[in-house]
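So the protein sequences, as listed, match chains A and B. Positions 1 to 307 (the working numbering) are the ones given, in order, by the first sequence. Positions 1001 to 1203 (the working numbering) are the ones given, in order, by the second sequence.
To be clear, the hints were calculated from the coordinates, so they are not data collected in a lab. Wrong hints could be hidden among the right ones.
[Unchecked claim] So, partial list: chain A residues that the calculated Cβ filter (under 10 Å) puts toward chain B: (1) S23; (2) A28; (3) H29; (4) A60; (5) S62; (6) D116; (7) M120; (8) C163; (9) S166; (10) P177; (11) T201.
[Unchecked claim] 27 Å max Cα-Cα, derived BS3-like pairs, lysine-lysine: (12) A:K258 to A:K218; (13) B:K1174 to B:K1190; (14) A:K218 to B:K1143; (15) B:K1188 to A:K113; (16) B:K1171 to A:K127; (17) B:K1162 to A:K281; (18) A:K298 to B:K1160; (19) A:K258 to B:K1146; (20) B:K1156 to A:K258; (21) A:K113 to B:K1171; (22) A:K113 to B:K1189; (23) B:K1160 to A:K281; (24) B:K1188 to B:K1126; (25) A:K113 to B:K1174; (26) B:K1123 to B:K1143; (27) B:K1190 to B:K1015; (28) B:K1162 to B:K1146; (29) B:K1123 to A:K113; (30) B:K1171 to B:K1126; (31) B:K1126 to B:K1189; (32) A:K287 to B:K1156.
Here the structure is a predicted model, which means the values were calculated and not measured. Where is the CB? At the ideal position from N, CA and C, for every residue including glycine.
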Amino acid sequence: MNPHIHNEEMFMNRRVAYYQGCSLEGLAHEFDTSTREVCAALGIELVEIPDWNCCGSTPAHSLDPVLSAALSARNLAIAVREGADVVMTPCPGCLKSLKESLEVYHNPHQRQKLLDILGMPFDGEVKAVSVLQLLYEQVGPEAIRERVVRPLSGHSLVPYYGCLLSRPAHFARFDDPENPVSMDRLMEAVGASVPDFPYKTECCGATYGVTRNEIVGKLSGRILDMALGVGAEAVAVACPLCQQNLDLRQGQLNRQWKRNFDIPVVYITQIIGLALGIDPKKLGLHKLFVDAGVLLEKRESENSRAV
Amino acid sequence: MERAHTLTIQKTCDKDFIRRVEEASEQEVSKCYQCGNCSASCNYTYVYDYPVNQIMRLIQLGQKDIVLRSRSVWLCAACQACTTRCPCNIDVACVMEALRVMSREENTVSLKDVQMFYDEFLKSVKTFGRVFETGLLPVYNLKAMKPFGDMDLAPKVLQKGKLHFLPSRIKGRKHIAEIFERFEEQGKKKQEPREVNEPSHSQ
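Okay, chain A solo, but in the shape it has when bound (with noise of 0.2 Å):
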């Protein structure tokens, strides 16, 4: 534990190291603005690691585990030294990169070659969240419940969460691992209705956008489609991959599938900062590609007590 924290109650649990990933200072800029909003807002402040590289992600496992661990540890030490114990990505790619580079630390037939490659000290004593999981598990949705200022009465929201956030459950430690429910209780508690979504752990295509568009096309497609029959009019996402599969590449859906999908797909840090009453503009609502207006309209709640 770090020793600066003993003092002050719950600092341990505001104050995260913050590891941002590539894809946060590019297409997923958004994400990046509305996770820093958002946890201004709650009271949670995120030091930015200083200097931080990319985590290697499929590519580097494709390499070699041990390469990509080493890569991810240098964050995680970066952030040990200074002073974390808790680092938080909203990148679910990032985050399986950190925690298996700490798997590996904790593996003793691997750890002296991961420290080999390295070549810096680092001793494992950190833990590493997603975004998701820290608004969750340490913020709460009843304590955004009560901070809620423009509830999203009205507006019918499904949770996508994508391969990795619960899974493998026994390395994810975190909700369930076929019908995870996080994203749910926090729209819920911001006033959206959020239907049954059965397609809430159906892979988008992951990566293969650019090698294998084909696949993003059928898979992603398939989700949008079930969005739509379940009757939601936007998709909240918490990756990055997922996020401009379905959204930046939705025209491409669309010329595959013959359809005309013209549905939002929006970060779960946006909608969450809508409803504490943040600036759209802010939280880069407008940068998404398909137009998320439409979650700015007041509508009649249908229950009263949802808020």
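Fit chain B to the known structure of chain A by using the hints.
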């Protein structure tokens, strides 16, 4: 696509391959009893040459060549559905990942363009410390002979102000390059005579 022939399967069985897969993945592939839950859960079976349950069986039978040359190994997205539903608690996705690493080492990667994309990605990381999306995609598309891949997206991305023309270089990029170099050194030591681990696309 190669097929396993029942009559000659003993001859083509590579017992050391079974051991290596189990060792690299730290999974007991021998526990698989072919229930098929993994394949039923897999969103990629429709593009695989061998459904993932067959990959597991082929490992048990030591069919190294078929497994390491399969398309399935490189079309797996590591989505964890198989792992989540395996009643024997085998981390199937982890086994697939170990196979990808081994197929690189054996130079039997089936989808050269996927490997090329990954290698271009890692080059970007090694050079800048972070991934430079704008630089990565055109280089990959040219090398993969798909010059117009995703061209339709460029104007949209530009319009949203998300196209970056300069890479984000970190101060510690030398450290990142050293991480790669130390890793490559270790690989050379491990398998002395063979040229390995330097991402190559000589195909």
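Evaluated hints:
1. For A:S23, the shortest C-beta to C-beta distance to chain B is roughly 8 Å, which falls under 10 Å, so the interface hint holds.
2. A cut of 10 Å between beta carbons decides the hint on A:A28: the least distance to chain B is about 9 Å, and the hint holds.
3. Interface hint status for A:H29: upheld, as the beta-carbon distance to the closest one in chain B is roughly 6 Å, under 10 Å.
4. Proximity of A:A60 to chain B holds as hinted, the smallest CB-CB distance being about 6 Å (cut-off 10 Å).
5. A least Cβ separation of about 5 Å between A:S62 and chain B falls short of the 10 Å threshold, and the interface hint therefore holds.
6. With 10 Å as the threshold, the beta carbon of A:D116 comes within range of chain B, its nearest partner Cβ sitting at about 7 Å, so the hint holds.
7. At its closest, the beta carbon of A:M120 sits 7 Å from a beta carbon of chain B; the interface hint therefore holds under the 10 Å criterion.
8. Among the interface hints, the one on A:C163 holds; its C-beta lies about 4 Å from the nearest C-beta in chain B, closer than the 10 Å criterion.
9. Contact between A:S166 and chain B, as hinted, is supported at the beta carbon level, the nearest pair being about 9 Å apart and thus within 10 Å.
10. For the restraint placing A:P177 at the interface with chain B, the shortest Cβ-Cβ distance is roughly 5 Å, inside the 10 Å limit, so the hint holds.
11. Taking 10 Å as the C-beta contact cut-off toward chain B, the hint placing A:T201 at the interface holds, the least distance being around 7 Å.
12. For the suggested pair A:K258 and A:K218, the alpha carbons sit about 12 Å apart, so the restraint of at most 27 Å is met.
13. Note on B:K1174 and B:K1190: the hinted pairing holds, with a Cα-Cα distance of about 24 Å set against a maximum of 27 Å.
14. Distance hint between A:K218 and B:K1143 is fulfilled; the C-alpha atoms sit about 25 Å from each other, no more than 27 Å.
15. A hinted pair counts as satisfied when its Cα atoms are at most 27 Å apart, and B:K1188 with A:K113 qualifies at roughly 14 Å.
16. Between B:K1171 and A:K127 the CA atoms are separated by roughly 25 Å; this keeps the pair inside 27 Å, and the hint holds.
17. Our distance criterion of 27 Å between C-alpha atoms is met by B:K1162 and A:K281, whose separation comes to about 15 Å.
18. About 26 Å separates the Cα atoms of A:K298 and B:K1160, which keeps this hinted pair within 27 Å; it holds.
19. The straight-line distance between the Cα atoms of A:K258 and B:K1146 is roughly 23 Å, inside the 27 Å bound, and the hint therefore holds.
20. Restraint check for B:K1156 and A:K258: satisfied, since their Cα atoms lie roughly 20 Å apart, inside the 27 Å limit.
21. Among the hinted pairs, A:K113 with B:K1171 is consistent with the structure: their alpha-carbon atoms are about 25 Å apart, no more than 27 Å.
22. A distance of roughly 13 Å separates the Cα atoms of A:K113 and B:K1189; the hinted pair therefore holds under the 27 Å criterion.
23. Proximity of B:K1160 to A:K281 is assessed by CA-CA distance (about 13 Å); at most 27 Å being required, the pair is judged to hold.
24. As the CA atoms of B:K1188 and B:K1126 are separated by approximately 18 Å, the hinted pair is consistent with the 27 Å bound.
25. Between A:K113 and B:K1174 the alpha-carbon distance is near 20 Å, which keeps this suggested pair within the 27 Å criterion.
26. Note on B:K1123 and B:K1143: the hinted pairing holds, with a Cα-Cα distance of about 14 Å set against a maximum of 27 Å.
27. This hinted pair checks out: B:K1190 and B:K1015 have alpha carbons roughly 21 Å apart, not beyond 27 Å.
28. Restraint check: the Cα-Cα separation between B:K1162 and B:K1146 comes to about 22 Å, which is no more than 27 Å; the hinted pair holds.
29. For the proposed pair B:K1123 and A:K113, the alpha carbon gap of about 22 Å is at most 27 Å, so the pair holds.
30. Straight-line distance between C-alpha atoms of B:K1171 and B:K1126 comes to about 12 Å, which keeps the hinted pair within the 27 Å bound.
31. A C-alpha spacing of about 21 Å is found between B:K1126 and B:K1189, which places the hinted pair at or below 27 Å, so the restraint holds.
32. For the hint pairing A:K287 with B:K1156, the CA-to-CA distance comes to about 10 Å; that is within 27 Å, so the pair holds.
Comparing the model with each earlier hint shows no violations; every hint is respected.
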